[in-house]
Each structure stands twice: as C-alpha cells, then as structure tokens.
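**Student:** Residues per chain are reported as follows:
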Amino acid sequence: MTIPSELIKISDTVWELPVTYKPGMRVPARIFATEKLLREMDDGVFEQVANVAFLPGIVKYAYCMPDGHWGYGFPIGGVAAMDPQTGVISPGGIGFDINCGMRLVVTNLTYDEVKPRLHQLVDAMFNRIPSGVGSAGFIRLSPEDFKKVLVEGSRWCLKNGYAWNEDLERTEEEGAFPGADPSKISKRAIERGLNQVGTLGSGNHYCEIQVVKPENIFDEKLAHAFGLTIPNQVVIMFHCGSRGFGHQVATDYLELFLGVMEKKYNIKVNDRELACAPFHSPEGQDYFAAMKCAVNMAFANRQVILHRLREVFSGFFQKSAEALGIRMVYDVAHNTAKLEKHIVDGKSRELLVHRKGSTRALGPGMADLPLCYRETGQPVIIGGSMETGSYLLAGLKTGAGAFYTTAHGSGRTMSRHKAKKMYRGESLQKGMEARGIYVKSTSWGGLAEEAGAAYKNIDDVVAATEQAGLSKRVVRLVPIGNIKG
Amino acid sequence: MPYRFREDIAGGDVAFEATGRTVEELFISAADAAMNVMVEKLETIRPDQKIEFEVAHSELDMLLFRFLNELIFLKDSRQLLVRVEKVSLEKRENIFILKARGYGQAADPLKHPLNVDVKAVTLHRLSVKEIAGEGWTATAVLDV
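If you're matching them up, the sequences are chains W and S in order.
Going left to right, the first sequence walks through residues 1 to 485 as my numbering numbers them.
Going left to right, the second sequence walks through residues 1 to 144 as my numbering numbers them.
No wet-lab data here; the hints were simulated from the structure.
A portion of the hints provided could be inaccurate.
As the list claims (entries may be wrong) - Below, a list of computed lysine-lysine pairs in the DSBU-like style, where the Cα atoms sit at most 35 Å apart:
1) S:91 - W:268
2) W:421 - S:91
3) S:111 - W:147
4) W:36 - W:221
5) S:91 - W:184
6) W:147 - S:99
7) W:440 - S:91
8) S:111 - S:50
9) W:347 - W:115
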C-alpha cells in the first residue's frame, strides 16, 4: 500500500491527513498507529477516514484506530463525534452489525482442571450454542415479546431468568440503551431477528476458552480488580452482535437515508455507504431509536449466550455456575452511536459519538463507569485471531483526545478468499490442536478464512493503543478452545 | 460459471461478479453467487419448498440490492437456502418489477456443507451494467 504524501506525523502514534488532502473535508483526519501498523494499512483506510471528515457537524477530527482497515463508508476502527444540533447520524458510521461486541467471563477453574476434558467441554459448548448459517436460538418469542427484548435488552434477560443482577452492572450502559422504539423497526427486521436471540453467528464471531498465564499479566493490581486472581485461570470470551436483525435495521435505514439525503437535506457524500441524515431530522431520530433496538437485541443475545454457557459448564463440571465462579468481567459494544459528554477545547459538550469497529474506553474516575470499575477505568476486551490470543485492557484518562475510544481487534490483513486458498480448515484444525487449541466449527471453509495469518499482529495493535495513551494492557489471554459458525 | 468471486474487492467480506445474456439470467447468477458464499455445493440444496417473491425499484442496481436482500431474509426468517430458477422482469411507469420463482430447503450442516453466513448486501461498488454485444454484468459486495 502507499501512504499518502500529505500525511503528517504528529507523534510516534498519531498521523494526520490535513483538510487540504481532499477538498471538502471539514476537519483533519487522524490515525492512531505505529509506523509499522500504518504501513500495513490498506489504501482504503486513508480514503475512507478522509471521506468521514466531509460529514456535516463533525467535531475536531475523523479518527481511525490502530487496527483500522477498509470498511463500508467509515473504515473499521473509525470514530466520529458530531454536534447533535448541526451534525448527522450515519448508519455507515455504526456498521451493519449494530452492537457487535465482546464479552469476557471468568471462572474459578484452572487450565489443569480443564485440559484433560477440553475436547468434551468444547463439544458440549458447540452442541448447545447455536452457530453458523441459518441457525436458530432456543428461546421462542412472539413478536410482542421480541419487542420487549428490543426495549429492555439485558433487563429482559434478568426478568426472564437469563441473567444475574451483577451481569447488568458489568455491561456497557447496563445492557440497555434508553430510548429504543420498536415502532421504528420494520416487520422484516422483526421476522429476521425473532429466532436469533442466543445465537453466535459466523464469520469472525466465536466463543473461546482462554487461559491467563502468570507470565502474560502486565498489571497485577488491575488484573486482580477485574477478577483474574488465580494462576492459569480459565476465562471465556465471546464475540457476536445483533445478527440478521441489526443488519436489517441498517439496510432499511440505509435505503431510507439514500432517498432523503440529497433530495430533502441537500447533503452530498463521496460514497453511498456514508448515507446520512441530520441527527434531529425525523429520519435521523427514527434511525437513532431503531439502532438502539438493535443495540439492546445484541446485549440480550450475548446475555442469553452467557446463560447457556453457565448451563453447559454447570452440567459438565457438576457444580453450580455460582460455585464455578462464572462471573462477567465486562461487555463492550463495537458498533454504536451514543450521545456523550466530552470536553472539547476546554468546554463540556454533548456529542453524538459514532464508533465503528472501535471500543469505548473510559478512564479511571469517570461517572459513567459502574462503581466496581470507577477506580480502575473501564475493562476493554480486544479479540485477536483464534490462533494468536486476545487481550484485556483498561481505559485511561489520556484517552480524552479520542473521545475515550480504543481499538477493537486485530484487523484483517488478508482477504477471506486468499486465506481460503492458502489454508484448509481440516489441516488448520489439526495444526492448532498440536499447539494446544481445540477448535470446532460448522464450516471448514469458514475456519480457513479465520486463520491467524489473515490478521494483524494483535500484540502490535494493543501496544500501539498503550503508546498512544488510549488504553493500557492488563493481561494477554491465550486460546485453548474455540467454537465458531 | 456465470459468476466469480473477486478477492481484490473488500477482502474482509465477499465480492462477486455475475454475468448473464439477459438481466433475468444475470439475477439468477447473482442469486447463485450469494448462495454459494453460504453453501459449498449449490446442488446440495434440494427442492423441499416452493419459493416465490417479488421486488421492485426504479434502478437496476437497487433492484439487485433488494433481490439479494430477499434471499438473506428467507435464510434468517425461515432458515431457508434458496435456488432461484426463473426470473421475470417488467417495467411499469419507470419501475422495474421482478418476479422470482425457485425452491428452498432448510439449512442443515449435515446436508449442506456450509461456508460463511451472508448478513447484508452493501452498496459498495454495487453495479448492474449492459456490455454491448456481451450481455449483462453485475458486481456486489456482501457483508459476512
């Protein structure tokens, strides 16, 4: 790839495309990355982050995180804060998979206790957590009940016996964005999502058993505060979102915005995927209320999967989930837009922060954090590839410059098609097994596409976020078992 | 094969280019391409259920967008993998109206070696074009 000659080095981890890069940019674009990561980014990142800077109402900078790569409209890893009075809301700044996110759960089991029966445990998870093309969840919902899920998110799960009280405290926004309005959702979206609560999906979505090795702890005190207290402790991490439901919401509003953007609001964008509407327009407000439904559906989806995991572990080890200490560390959203207060040029302002393939990362002492993490800063869960490992980080006060946002994963560097040509699912599974990772998937092809070599080096990505002051490394998590669709 | 996957577009997802002598043939090829992203061998989808649907739009590329979205909708709402056999197209008052007929079978990993789930059709480089003397070609990128 070619780094644009206009790119200015601001520091070792901050790079800027000035407004002169493309006529029409309202603010400069800034990329957080080391020089090595910058050189690995595809051309699309520079073009797309510059296109985001065209959007009306954008404040300060269009940002891209260190794991940034080409996306639709916004790059993956894109962040844009809009003035709600003058700015727009864009489904392309949130992503199709609304509130795709990560959840990390601890157990009080150790690697030695799990290792002898790892295969059976992973098989049990695979059999009980639906994944892959066309899979349906175990909860049967009427459209009216499903609408309650859309409004209440994790609270619906608590009322219906799928959550513990403390789970909600440890979920971003307590597992429900206020203001979700199912009347803004199409019948088709409801029909698509109705039987998808409690399903993992496919692609890069997974559920993984991981180990916290003592040599991989970067910050003992924070690790302890996040519930990682036992040497070689076993944890569970999973990644999934609002499934077909969220995609239908995004598709419906993308079409709606395309119809009004230019004709009604005279907004021109460089890419149809950046379709948008003024935040305070009827269309903008309808999308915001519909997006929140998808956010809440995704929180409920991950909560029901946690419920299923507790059942599986409890049955497998013949102990209650409480006795096994299956407790949440945190649940973070990747693809959302949220009204938040930030200090801009010394003044407190309310901003509509779009985060696409990036994670909110609040620093210590911030009021929006649950009491249990008020002193530590927000836990940030960064999923790597199934072969290489993942990270738990913590938000930092110095993250203010990026509206308290950090990376979300390792980011692809190889196309799915190429990965599938280079690797075979069956031999990849055998090779991983020889290295102590047992993976089970509904699809050999899908497995090959997720080979570790298709992704950036996760160690480089998280180190860059730390160097840039966006988040701090707490522990590196090593995979031992994985299920995927 | 009347479609091919393009690895030079949207590496994190799946892009395809479909062709047909007519627009109708083009849409059938595009349906097979989208289905082939999810199912390794299309011939494993057996005719358990008849499928009929209709989509309309004033632009051909957005008509393809809606047509492919219908297939994704059937997969998620009824768990059906679909083969489109016949497409008919007419234009009424500047609106294209497409009627599709085919069959479907419930997705089952034991019957259908599965690939990766298609979750949305994107607008990125979405196009439907006529190439003089050669017929029709379409490009679409699917979010997986």
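**Student:** If a hint holds in the structure, say so; if it doesn't, say that too.
**Tutor:** Hints, verified against the model:
no., hint, verdict
1, S:91 - W:268, "holds, 29 Å"
2, W:421 - S:91, "violated, 42 Å"
3, S:111 - W:147, "holds, 34 Å"
4, W:36 - W:221, "holds, 31 Å"
5, S:91 - W:184, "holds, 31 Å"
6, W:147 - S:99, "holds, 32 Å"
7, W:440 - S:91, "violated, 49 Å"
8, S:111 - S:50, "holds, 18 Å"
9, W:347 - W:115, "violated, 54 Å"
Of the hints listed earlier, those the structure fails to meet are numbers 2, 7 and 9, in rising order.
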